[in-house]
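Read top to bottom, the protein sequences are chains A and B.
So in this note's numbering, spot 1 of the first sequence is number 1, and the numbers just go up one at a time.
So in this note's numbering, spot 307 of the second sequence is number 648, and the numbers just go up one at a time.
Fair warning: there could be bad hints in the mix.
For lysine to any residue, the following SDA-like pairs were computed, each having C-alpha atoms within a straight-line distance of at most 25 Å [what the hints assert, rightly or not]:
hint, chain 1, residue 1, chain 2, residue 2
1, B, K579, B, D599
2, B, K452, B, L496
3, B, K579, A, R55
4, B, K579, A, L128
5, B, K579, A, L33
6, A, K18, B, E636
7, A, K18, B, F551
8, B, K579, A, Q304
9, A, K18, B, P547
10, A, K18, B, A533
11, B, K452, B, A467
12, B, K579, A, A299
13, B, K579, A, F34
14, A, K18, B, L536
15, B, K579, A, Q63
16, A, K18, B, L496
17, A, K18, B, A467
18, B, K579, A, A146
19, B, K579, A, A21
20, B, K579, A, F62
21, A, K18, B, Q647
22, B, K579, A, P35
23, A, K18, B, V530
24, B, K579, B, F589
25, A, K18, B, T543
Okay, the calculated beta carbon distance ranges per label pair [to be verified]:
hint, chain 1, residue 1, chain 2, residue 2, range
26, B, I427, A, E67, 20 to 28 Å
27, B, G548, A, I48, 37 to 45 Å
28, A, V31, B, Q587, 45 to 53 Å
29, A, L198, B, A383, 28 to 36 Å
30, A, L198, B, R428, 33 to 41 Å
31, B, F551, A, L198, 40 to 48 Å
32, A, A285, B, P432, 39 to 47 Å
33, A, L321, B, Q705, 36 to 44 Å
34, A, F30, B, A588, 17 to 25 Å
Everything labelled a hint here was simulated from the structure, so no lab data went into it.
All C-beta atoms in this analysis are idealised placements derived from N, C-alpha and C, irrespective of residue type, glycine included.
Spelled out from the first residue to the last, the chains are:
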Amino acid sequence: MLNPLRRRSPLDLPPVAKLVAYALLVGWAFVVLFPLYWLLVTSFKLPIQVEGGPRYIPFVDFQPTLENWRYIFVDLRSDTLRPYLNTVVVGLTSSVLALALGASAAYALVRFQYRPRVGVIGLFVGCLVGVALATGFGVPLPVSIASAVAIFAILVATIARRFRRRLGNADVAFWLISQRILPPVAVVIPIYVFFQRLGLLDTWQALIITYVATNLPIVVWLMRDYFSTVPLELEESAAVDGASPYRIFRSIVLPVSAPGLVATFLFVLVFAWNEYLLALFLSSARAQTLPLTVAAQNATRGPQWWYMSVLILIMIIPVILVAIALERYISRGVLVGAVKG
Amino acid sequence: MESSASSSPLDPRGPALPTGPGLLDTTVPGGVVERRRVGFEAILAPRNVFLWPALLVVLALSIFPLFVSLYLSLSRLQFTANGIDIRFIGPSNYQVLLFGSEQVHLIGLLKEPTALGWAVFVGVAAVVGWAFWRAIRGGTAGFGLVLRGLGGIALLSLTWIVVHTIFATGGRPGTLLVTLTYVFVGLVVQYALGLGLATLATLRLPGRRFFRVVFLLPMMITPVGVGYLFQMLTDTGKGPLLPLFQAFGLYHFTWTTDPWLARVAVMVGDIWQWTPFLFIVLLAALEGQDQEVLEAAHVDGASRWQAFRHITIPAILPVSTTVILIRMIEAFKIVDLPNILTNGGPGTATESVTLQAFFDWRTQALGRSAALAYVLLILVTVIATAYVNLVRRRVAAS
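For reference, chain A alone in the conformation it holds in the complex (with noise of 0.2 Å):
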């Protein structure tokens, strides 16, 4: 049996500190284990119990019971396996819909130059305001984008040339995050009354369009600053191969950025998961998500604490079997495993 505190290589760390580093491990995995396994004991536990005092330990502070787990899975049944199956799809095409957009974005704000012109930018929005106040004023919505895309036509090509300031790639990032700043709450009536119109409010739809839209800043920004540790030499020998650059990209570019790629699926699918305040607008019987359920046991008799220990639990399982399926791509070697072959 090999010594797992003996030094293989001249960066491995001396005994002792290994023995700190671990001791730091084990205490930060006390401080993130021990509250879920509260809601593990939480969850057979029975109303009385939990109300009576804090009991730690099963068969031998309390008798543990499967009545809540019962309740979620038979007497809920499709009320929770439903949301259970909106979550699962909802999340995981929302993510990989960002990640292949945002990660393509992020692409091309690294290896091209982008010089909007402020002009352009400023009629652009202009137009937008001006569809936005016809309509409301009664011009039917056809008319008022056709009229405004000619208006816009037109004065592109005469006024918008003379102002000749320009923005960058930076600027254009930039726009993306602040798209961020606005907090749920200002717009979900707005989001709701725009899926409205498009009749799809309650669909699967509605909710994976939502989330894609705000998780697109995040994989633009964090894509970024990975795409960027991407050298050069790589792509330039590929393309005097030959290749085009969305093959550059796709066989060069993504494999060789595999840590960050799963790192910020990682993060968006938690996000997409997990998200509340929108689905509560945007769902109610047929699309509701999970959160909604968790955030239903909170009756008017108080939260429901078993039930939501259960919900928790079973919500956070799908994630977690999807973070050790990927967690092996973040490690060292991948990029100079290309670099080398």
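Go by the hints and put chain B onto chain A.
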């Protein structure tokens, strides 16, 4: 704020790079060399195909809410028999929040500062004045100078609020300062913990993969769930920490009656939940480092600390600045935890600006709710702009 040729303010290779090799597409260092394309080919050039789908999705879902909430913040909504009556009332929602009856709630109870308070204010004013003078001496002019001036004024106003609420007898901070406290304490602690844990998790210790997955767990719980979980844990009658409280002689006390204890409880929950985000992003950055450089440094006799300071820190600096910005923007929107854990109390002591907006929204004061959201939008935009510009300069200089 110069619009430099750099594609990324946080790029480690400085402002000259990366412009992309001429081979890939249309740019070379020093100028734009556009291969002229026409018609559909111009629209479907890779540079557009890569970028525009993302921009359009974000634009479609953000520009409409942005204008609608701006309009709502300038109007009063009334629910009448015929539906909703929206009346434009100008800036009076903002006036109520900043100077009127809601001032105590948002900004705080303002009292005459103590001597220490005045000293702090004078100190900050001196620093701001000195920085501004240096900017003028350094040749900053025009737009950049205006931006710096606005930033200085914002900082001074904030200091003025701090000394009139916290450094004043009888004063009391409002939701604005409470939110700022959450954000800055949370950020510092989360970054320190996240970086420390990520460094430890890169060591080749047994059980490494176990720790890496376990450390992510808090982030996976829905924020509403974290609120109820911490409500359970901090309950002084039936929570698991009861023996701990009793050991300190605290039986059946209610920590929720002490403003600072309640705020600390909210911050602990926030730190517990979001340290994993910084952990995983920094872990990916650490693992993405070139190991050969570190080994070479070791061979050359560099100590572990020197290697960390001069190789690892610069390597993870871009990702660090990004992750701090993202976490900061998210942290300003903190709402679920104080809502569930303390319901904003005692009084309004643990209320964040977003929670205040949420309460207003729930009582159908939609105009004031939107105005609060816009106050937050302006504040965060100022801070984020200052952060990006200051950090961009630092990273470019190093």
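Quick rundown of the hints versus the structure:
1. B:K579 / B:D599: holds, 19 Å
2. B:K452 / B:L496: holds, 19 Å
3. B:K579 / A:R55: holds, 9 Å
4. B:K579 / A:L128: violated, 56 Å
5. B:K579 / A:L33: It holds: about 19 Å lies between the C-alpha atoms, which stays within 25 Å.
6. A:K18 / B:E636: holds, 19 Å
7. A:K18 / B:F551: holds, 17 Å
8. B:K579 / A:Q304: holds, 14 Å
9. A:K18 / B:P547: Distance of about 10 Å is within 25 Å: holds.
10. A:K18 / B:A533: At roughly 20 Å apart (the allowed maximum being 25 Å), A533 (chain B) and K18 (chain A) satisfy the hint.
11. B:K452 / B:A467: It holds: about 23 Å lies between the C-alpha atoms, which stays within 25 Å.
12. B:K579 / A:A299: holds, 19 Å
13. B:K579 / A:F34: holds, 16 Å
14. A:K18 / B:L536: holds, 17 Å
15. B:K579 / A:Q63: At roughly 17 Å apart (the allowed maximum being 25 Å), Q63 (chain A) and K579 (chain B) satisfy the hint.
16. A:K18 / B:L496: violated, 44 Å
17. A:K18 / B:A467: violated, 47 Å
18. B:K579 / A:A146: Answer violated: K579 (chain B) to A146 (chain A) is near 64 Å, above 25 Å.
19. B:K579 / A:A21: violated, 34 Å
20. B:K579 / A:F62: Given that 25 Å is the threshold and the Cα spacing comes to 14 Å, the pair holds.
21. A:K18 / B:Q647: Roughly 19 Å separates the two Cα atoms, so the pair holds.
22. B:K579 / A:P35: holds, 14 Å
23. A:K18 / B:V530: holds, 24 Å
24. B:K579 / B:F589: This hinted pair holds, its Cα atoms lying about 16 Å apart.
25. A:K18 / B:T543: holds, 12 Å
26. B:I427 / A:E67: 20 to 28 Å: violated, 50 Å
27. B:G548 / A:I48: 37 to 45 Å: holds, 38 Å
28. A:V31 / B:Q587: 45 to 53 Å: Check failed, 21 Å falls outside 45 to 53 Å.
29. A:L198 / B:A383: 28 to 36 Å: holds, 31 Å
30. A:L198 / B:R428: 33 to 41 Å: violated, 28 Å
31. B:F551 / A:L198: 40 to 48 Å: holds, 46 Å
32. A:A285 / B:P432: 39 to 47 Å: For A285 (chain A) and P432 (chain B) the Cβ distance comes to about 41 Å; the hint holds.
33. A:L321 / B:Q705: 36 to 44 Å: holds, 42 Å
34. A:F30 / B:A588: 17 to 25 Å: At 18 Å between Cβs, range holds.
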